[in-house]
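Novice: This is what each chain is made of:
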Amino acid sequence: MIRAVIVMSTEGKSRLARFYDYQPPEKQQELIRRLYGVLSSRPEGVSNFAQVEAIFGPDTRMVYKHYATLYFVFVFDSSENELAMLDLIQVFVETLDKCFKNVCELDIVFNFNKMHSILDEIVFGGQVLETSSDEVLKAVEEITRLEKSASSGGPLPKSVVGRLSR
Amino acid sequence: MALSGMRGLSVFISDIRNCQNKEQERLRVDKELGNIRTRFKNEKGLSPYEKKKYVWKMLYIYMLGYDVDFGHTETVSLISAPKYPEKQVGYIVTSCILNENHDFLRMVINTVRNDIIGRNETFQCLALTMVGNIGGREFAESLAPDVQKLLISSSCRPLVRKKAALCLLRLYRKNPDVVNIEGWSDRMTQLLDERDFGVLTSVMSLFVALVSNNTDAYWNCLPKCVKILERLTRNQDIPQEYTYYGIPSPWLQVKTMRALQYFPAIEDPNIRRSLFEVLQRILMGTDVVKNVNKNNASHAVLFEALALVMHLDAEKEMMSQCENMSRMLLVIDVQDIIKRHQAQIVTSLKDPDISIRRRALDLLYGMCDVSNAKDIVEELLQYLSTAEFAMREELALKAAILAEKFAPDLSWYVDVILQLIDKAGDFVSDDIWYRVVQFVTNNEDLQPYAAAKAREYLDKPALHETMVKVSAYLLGEYSHLLIRRPGCSPKEIFAIINEKLATVSTATIPILLSTFAKILMHSQPADPELQDQIWLIFRKYESYIDVEIQQRAVEYFALSKKGAALMDILAEMPKFPERQSSLLKKAEDTEIDTAEQSAIKIRAQQQTSNALVVTDQPPRPMERRPLAWGNLPFLLFHGPFLFTFECLMQDSASPDHSITPENGVISKSVSEAPASDLLVDLLGPLAIEGPPAPAVSGEQTSFPGLNATPSPVDALALAILSDQSTGVQPIGNIDERFHALCLKDSGVLYEDPYIQIGVKAEWRGHHGRLVLFLGNKNTASLSSVKALILPPAHLKMELSLVPDTIPPRAQVQCPLVVMNLHASRDVGALDLSYKFEATLVNVKLRLPAVLNKFLQPIQMTAEEFFPQWKALAGPPLKLQEVVRGVKPMLLPEMADLFASLRFAVTPGLDVNPNNLVATTSFYSETTHAVLCLVRVETDPTDRTQLRLTPPLLSDRLKELIKDHMVGLPMAPPPQPPSVAVASDDPGAILAGLL
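Top to bottom, those sequences are chains A and B.
Sequential numbering of the first sequence, starting at 1, is according to the numbering used here.
Sequential numbering of the second sequence, starting at 167, is according to the numbering used here.
Just so you know, the hints here were simulated from the structure itself, not pulled from any lab data.
C-beta: ideal position from N, C-alpha, C; glycine also.
Among these hints, one or two may not hold up.
Unchecked claim - Where chain B lies over chain A, by a calculated footprint (3+ residues, C-beta under 8 Å):
{"no.": "1", "segment": "3–11"}
{"no.": "2", "segment": "49–62"}
{"no.": "3", "segment": "67–75"}
{"no.": "4", "segment": "103–117"}
{"no.": "5", "segment": "120–129"}
To be verified - With a straight-line Cα cutoff of 25 Å, these simulated BS3-like cross-link-like pairs (lysine-lysine) come out:
{"no.": "6", "chain 1": "B", "residue 1": "K706", "chain 2": "A", "residue 2": "K13"}
{"no.": "7", "chain 1": "B", "residue 1": "K340", "chain 2": "A", "residue 2": "K138"}
{"no.": "8", "chain 1": "A", "residue 1": "K13", "chain 2": "B", "residue 2": "K589"}
{"no.": "9", "chain 1": "B", "residue 1": "K706", "chain 2": "B", "residue 2": "K728"}
{"no.": "10", "chain 1": "A", "residue 1": "K98", "chain 2": "B", "residue 2": "K728"}
{"no.": "11", "chain 1": "A", "residue 1": "K65", "chain 2": "B", "residue 2": "K516"}
{"no.": "12", "chain 1": "B", "residue 1": "K460", "chain 2": "A", "residue 2": "K138"}
{"no.": "13", "chain 1": "B", "residue 1": "K540", "chain 2": "B", "residue 2": "K589"}
{"no.": "14", "chain 1": "B", "residue 1": "K456", "chain 2": "A", "residue 2": "K65"}
{"no.": "15", "chain 1": "A", "residue 1": "K27", "chain 2": "A", "residue 2": "K65"}
{"no.": "16", "chain 1": "A", "residue 1": "K65", "chain 2": "B", "residue 2": "K460"}
{"no.": "17", "chain 1": "B", "residue 1": "K340", "chain 2": "A", "residue 2": "K27"}
{"no.": "18", "chain 1": "A", "residue 1": "K138", "chain 2": "A", "residue 2": "K101"}
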């Protein structure tokens, strides 16, 4: 089971944090802080695996990928294959890239709500839901369409529409 | 860059980003929270859009780590909103911030259910996602049937069905009752036929969860899983979007192989063949490629395939003789494949990443066998000097284990360990050097070599202290073997070791003192100059503050005054009993990593080198251990009573001619000699006064109806023996044989027309070493020989490998190591089966590793005894019982009985001549030595009654003694004191007693 999916900046700011076994907010913050401690002390060019049992408890593993200014981290237990988790991070990021056309950290910061929708199409209750980024994209596009069609009649200020089309 | 679509949210995020510091951020967040709180209070004026915006903001604030303790109602209420955007926010934010027990969830359970059973698929998806992310018991109970319906519905889109599958998995985890196994095994086979890969991936996850709970119910799914794997590995009909960097859905491959690992074994030969083909294809087809992502994915699959191969192989022992050869080949193939990468793994030891270095070490450890041990161990030794400190101890331990396990020859093993100590002395635990000492002691051929090597190291400057210890020890024992070599005269050896004396710690000084004593011993008659030098050192330490050192100095000094007699007192160390490597145990204990476990598993399957198996030695004369050598861990001397321990190396030759089967009675000639010698040996030096104990002879007479009313021990035995399934009749009485062996250390445990099982035992403190002699009495082989030890909870028993076949007329020896953890009267059993022609014989035999074997007699004087005796007042330490119905026996006989129970009996210690006092010490791992004192008061006019007072070792010991004292009811009725029969034939009496 995947225990948590965390995206954080190289400065230690969380950009997305999803825990699939409930953790109270203070605990979440502590975990993220300690996780950042591990990640930030790892040099460049090392592997994508690090030991986190001291942080997340027994039978937990972690893989992460470092893209530009972001860490993408999956925490999971021994029922998952570590390399397959690494692949899943790749799928997640590739999907983001397709969604946002050359994704950058700002996309993720300002669209954290959409991040949730995308993640929900890949990981579901701690299990791998979908591994094809094309399929994820289709589902996310459908959601976006629904959001737009519903909100077009809503009180979306013109200024925002204007900004969106920029 | 796209924006969230909500201006207020974007502005807020932007504001937060512009904050210079945490304090500013907190102010901005507080302001926003205040704003949201006010807006929520006055909900009427709030549009759904605004509500949505505020809830997103709340989630953002929550993610930043601030406590959001309000607004939960508003969030949850959005779930009931009619339009998609609000509903979506409600569902997502709820599943992020609420836990499964939150009361608010109850409020929406109906809405959630309506969304799930409703027609709107997008709503279904949202609801399923929330339930899947936080669903608790309550959700499980009320929603599982609806979720199931979605999963099996043919009209639902795959998008919904794959979520339903995982949602059901979540609910099943919360409450397994929601999935009714009966119906599900068939349903599962259908679901595994799914064509859509998204749905199939989810279904496979669900399947893994179900099958992990109940493999039996899902056997019918096994062929389906193999089919899926076949389809994937052959890349048949795989949609493009499910091909990840050219590899057909690695996730599905991995999950499917995980599922297969839950099935203990695959019986159907066709399925097995298909699966092996699949695995072979994966194993052979995986290569390292440039593209990182492709590499990752293909190796994810490869590793899972390896795990599956190992899993299937681990079941090998469980399977019948007709082992499928292809599987064996497969395993060998895998090992070869791993070996091909040896060079690369070695390079990985230098990887900048510690997790890779660790894995590389584990892998090298796991893949080591006789063929590559030399290379790998040498790599590890080289690596030692550069490895980081955190890894060195583990590295040293692993190198030592591999060197021991796979040594092509013994001198190499010694080289490796000495190098190890030299290069990384700080990280070499004592176990490692104890082990090398054991090996050298047990292998005579090795002794000159090891001594010469030790001598060489002593010439090096800046020697590690462990090296000083091991060198000094080896030279003390064996330097006389080097006497003709340059620089190896006793004087020179002494000089070079003496140089180190000033620099070593107190832990090492005792070893050096022993070495000097040994040098003196080996050079008798000693060179006066050398003797003076050594004496000077002993004298110097006579008043040393450390007790151990002081005691050694005093003793050695006194002993060495004895001149040539020193030779007898301080002989060479006897061989150590074979034992499981404590190193290996240590390694096993410390490892929890699963990768490591599998590595150990592989290793267990490999053939180990025979080089280190201690060879059976010809019988040796008795050897005396030096008085003080408490520094080695094998002997535990505790308490004030130091006594010499005699090593029994008496050889009873092979049981084949020492014991002749004669109609259920072991004939007289037999083991009498060794048995009585044995007791003489044991008790002689302890200066038992009175006649040398004839105690137990091999001679036994079967009492009529001996087993009519079994004692408690017998009852246990009967329970154990009750399921003997064989039609083959044992020769002799199994119980009698067992009881006889309880009082002596060698004899026949079992015999039938085909096999004879002899036992020879040595006991030392809480350790015991039994050798089982399995003798084939026939001219045809015994096959399928299996011996299983069923130890009671208080004993650790480890049987060495028993060969599968015993050739005609051959005898095999199987050492069995026993360790006593605490006092108990339970008995271990040997479950032995073998096949002779078409007859399968299976017997369960009690093993004579009983409580009294862990006793060591202690001789005490009256001055020592009475203070101890008086210090013990009342139960539970001091127990007293009047025992009635005691077998008539004379006091000397009773003394003999106690002697064979391993008590020291001191006549005259008790002023009353009718009383008997016996002393011993009991050894167990938890207690080490416990002093046990027994006083038996007999009434000469009524020998059927006596008072038994054994203090200290609770009632187990008392019961043991009682069992041996009390005559069985069918024994001859109480007779007057002088029982002719008894005095003529003490053996018979004892046999009767038992």
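Novice: Assess, step by step, whether the Cα of A:K13 is no farther than 25 Å from the Cα of B:K589, and give holds or violated.
Specialist: violated, 45 Å
Novice: Would you check the hint for A:K98 and B:K728, treating anything up to 25 Å between C-alpha atoms as holding?
Specialist: Outside the cut-off at roughly 93 Å; violated.
Novice: Could you grab the alpha-carbon distance between B:K456 and A:K65 and see if it respects the 25 Å cut-off?
Specialist: Roughly 18 Å separates the two Cα atoms, so the pair holds.
Novice: Please verify the coverage claim for the segment 49–62 of chain A: does it have three or more residues whose C-beta sits within 8 Å of some C-beta in chain B?
Specialist: holds (count 3)
Novice: Given the hinted pair B:K706 and B:K728, is their alpha-carbon gap at most 25 Å?
Specialist: Status holds; Cα separation ~19 Å.
Novice: Test coverage of the segment 103–117 of chain A by chain B using CB-CB distances below 8 Å; three residues minimum.
Specialist: holds (count 11)
Novice: Can the restraint linking A:K65 and B:K516 be considered satisfied, given a maximum Cα separation of 25 Å?
Specialist: holds, 22 Å
Novice: Does B:K589 lie within 25 Å of B:K540 when you go C-alpha to C-alpha?
Specialist: With a Cα-Cα distance of about 17 Å, the restraint between B:K540 and B:K589 holds, given a limit of 25 Å.
Novice: If you draw a straight line from the CA of B:K340 to the CA of A:K138, is it 25 Å or shorter?
Specialist: violated, 31 Å
Novice: Establish whether the coverage given for the segment 67–75 of chain A by chain B is satisfied; the threshold is a Cβ-Cβ distance below 8 Å, and no fewer than three residues must meet it.
Specialist: violated (count 0)
Novice: For the pair supplied as a hint, B:K340 and A:K27, confirm whether the alpha-carbon distance does not exceed 25 Å.
Specialist: holds, 23 Å
Novice: At least three residues with a C-beta closer than 8 Å to a C-beta of chain B: is that true for the segment 3–11 of chain A?
Specialist: Not satisfied, violated; 0 residues make the cut.
In the structure shown, a violation is registered for the earlier hints numbered 1, 3, 6, 7, 8, 10, in ascending order.
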